[in-house]
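Colleague: Fit chain B to the given chain A structure using the hints.
Number of protein chains: 2
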Amino acid sequence: MEKFITAGSLAIMEHRFRAALINSLGGFKSVCLVGTKHEGKSNLAIFSSIVHLGANPPLVGMIVRPDSVERHTYENILANGFYTLNHISSAMVEQAHQTSARYKREESEFECCGLTEEYRNEFFAPFVKESKVKIGLMLRETKAIELNGTILVIGEIQQIHLNESSIGADGFIDLEATDTVTCSGLDCYHSTIRLGRYSYAKPDKWPSRIG
Amino acid sequence: MEKFITAGSLAIMEHRFRAALINSLGGFKSVCLVGTKHEGKSNLAIFSSIVHLGANPPLVGMIVRPDSVERHTYENILANGFYTLNHISSAMVEQAHQTSARYKREESEFECCGLTEEYRNEFFAPFVKESKVKIGLMLRETKAIELNGTILVIGEIQQIHLNESSIGADGFIDLEATDTVTCSGLDCYHSTIRLGRYSYAKPDKWPSRIG
Numbered sequence: 001m002e003k004f005i006t007a008g009s010l011a012i013m014e015h016r017f018r019a020a021l022i023n024s025l026g027g028f029k030s031v032c033l034v035g036t037k038h039e040g041k042s043n044l045a046i047f048s049s050i051v052h053l054g055a056n057p058p059l060v061g062m063i064v065r066p067d068s069v070e071r072h073t074y075e076n077i078l079a080n081g082f083y084t085l086n087h088i089s090s091a092m093v094e095q096a097h098q099t100s101a102r103y104k105r106e107e108s109e110f111e112c113c114g115l116t117e118e119y120r121n122e123f124f125a126p127f128v129k130e131s132k133v134k135i136g137l138m139l140r141e142t143k144a145i146e147l148n149g150t151i152l153v154i155g156e157i158q159q160i161h162l163n164e165s166s167i168g169a170d171g172f173i174d175l176e177a178t179d180t181v182t183c184s185g186l187d188c189y190h191s192t193i194r195l196g197r198y199s200y201a202k203p204d205k206w207p208s209r210i211g
Numbered sequence: 001m002e003k004f005i006t007a008g009s010l011a012i013m014e015h016r017f018r019a020a021l022i023n024s025l026g027g028f029k030s031v032c033l034v035g036t037k038h039e040g041k042s043n044l045a046i047f048s049s050i051v052h053l054g055a056n057p058p059l060v061g062m063i064v065r066p067d068s069v070e071r072h073t074y075e076n077i078l079a080n081g082f083y084t085l086n087h088i089s090s091a092m093v094e095q096a097h098q099t100s101a102r103y104k105r106e107e108s109e110f111e112c113c114g115l116t117e118e119y120r121n122e123f124f125a126p127f128v129k130e131s132k133v134k135i136g137l138m139l140r141e142t143k144a145i146e147l148n149g150t151i152l153v154i155g156e157i158q159q160i161h162l163n164e165s166s167i168g169a170d171g172f173i174d175l176e177a178t179d180t181v182t183c184s185g186l187d188c189y190h191s192t193i194r195l196g197r198y199s200y201a202k203p204d205k206w207p208s209r210i211g
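Chains A and B are the protein sequences, given in the same order.
Heads up, the first sequence is in this note's numbering, so the first residue is 1 and it goes up one at a time.
Heads up, the second sequence is in this note's numbering, so the first residue is 1 and it goes up one at a time.
Just chain A, same shape as in the assembly:
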């Protein structure tokens, strides 16, 4: 049976039900562990609101809710300007999910959740040793979204670490080779199966499989 949900019924919906519904409605999400550091204390937090902004310059966006457990991450990024994004592989899902618990400022989620802090190539912020794709970013800009009090944090990619064999001849990264997971809603994780890569679309030609 088809369900039709209006703006009016969303407005009066029980708030946890609405949060679960709207969080899963947008489809599968990019999910990463964000590593930061401030005054010698490391922090690690899971974020599922990561969005590709552009390749040149290489920019990544991330939505932050500063009134939530995410505030430590945000404060550390503002204070020091550097952070890391680390892909989550299927063996790390429980540890990654656990980083969303409300740990105290003085506790490091690395230690509490069983993940290993790693420093690479003199980058200020910690990477996750267990991650198979690691990205170091420099803060470029923040944009306040006044409509709901969230913030778009924009970072420029400074360094990338991943297995060479997962990068194709055309630059495409095989995210199944890196065992990267995706998520839906607030708490569900998924691995993927490739349906296919398709040729660059042109008006006079139907797309064909290229991988």
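Hints were generated in silico from the structure; no laboratory data involved.
One should not assume that every hint holds.
As the list claims (entries may be wrong) - In silico negatives: residues of chain A with every beta carbon more than 12 Å from chain B:
1) H38
2) S42
3) E75
4) L78
5) A79
6) G81
7) F124
8) N163
9) S191
10) R194
Unchecked claim - Across the chosen pairs, the derived CB separations fall in these ranges:
11) B:G114 to A:G149: 40 to 48 Å
12) A:E122 to B:I210: 39 to 47 Å
13) B:E75 to A:P203: 12 to 20 Å
14) A:R120 to B:E107: 48 to 56 Å
Said to hold, decoys possible - Not the full set, but computed from the structure, chain A residues with beta-carbon under 10 Å of chain B:
15) A11
16) A19
17) V31
18) K104
19) E107
20) Y119
21) N121
22) E156
23) T182
24) G185
25) H190
Using N, Cα and C, we set each Cβ at its ideal position, and we do this for glycine too.
Modeller: Relative to the frame of chain A, chain B by itself:
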């Protein structure tokens, strides 16, 4: 072998290689067909830069590149204020990918790509009949990202259409039941396998499977 890519090597990388690399680096993406209309002409375009902004009010963000094939979508949203997001199921992947071809203003991607325009509950913008999850949005705000000339388009959810059986008792939508696909990079589509849903994380308790 581990590959280490620096900002310097990204800056001098062949531009198509860099686009493929950076587009796939952020992980799996939410991908939807965006339906718009202007002066009686419908338009349909695939977008993979959709990001959940918040549940109350129910806001969805989308990054638009106005110097690309996406400009028709953007112009229509600005002109009329309403648009739709339609999930892509595995049987629609080729048609959905084909909407990224540079069709002329007077051509409708619905017709050219073999998808069916559908109007529901007096909503101005067209839905995709074949989609199993359909969302009607009203434009709330645009935010220019001057760093690379893109725009964050923010919409508020006005209506949702989906099968009632895919919504769980707690509001979570089973995106495998709706056959929703995810994408990576510029041209790769994937179906998913659930690894698990995990309990709300608390500092003193390890997460357990809830689904």
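Colleague: Each hint: holds or not?
Modeller: Each hint tested on the structure:
| no. | hint | verdict |
| --- | --- | --- |
| 1 | H38 | holds (19 Å) |
| 2 | S42 | holds (16 Å) |
| 3 | E75 | holds (19 Å) |
| 4 | L78 | holds (17 Å) |
| 5 | A79 | holds (21 Å) |
| 6 | G81 | holds (14 Å) |
| 7 | F124 | holds (14 Å) |
| 8 | N163 | violated (6 Å) |
| 9 | S191 | violated (5 Å) |
| 10 | R194 | violated (5 Å) |
| 11 | B:G114 to A:G149: 40 to 48 Å | holds (42 Å) |
| 12 | A:E122 to B:I210: 39 to 47 Å | holds (42 Å) |
| 13 | B:E75 to A:P203: 12 to 20 Å | holds (19 Å) |
| 14 | A:R120 to B:E107: 48 to 56 Å | holds (49 Å) |
| 15 | A11 | holds (8 Å) |
| 16 | A19 | holds (4 Å) |
| 17 | V31 | holds (7 Å) |
| 18 | K104 | holds (8 Å) |
| 19 | E107 | holds (8 Å) |
| 20 | Y119 | violated (14 Å) |
| 21 | N121 | holds (7 Å) |
| 22 | E156 | holds (7 Å) |
| 23 | T182 | holds (4 Å) |
| 24 | G185 | holds (5 Å) |
| 25 | H190 | holds (4 Å) |
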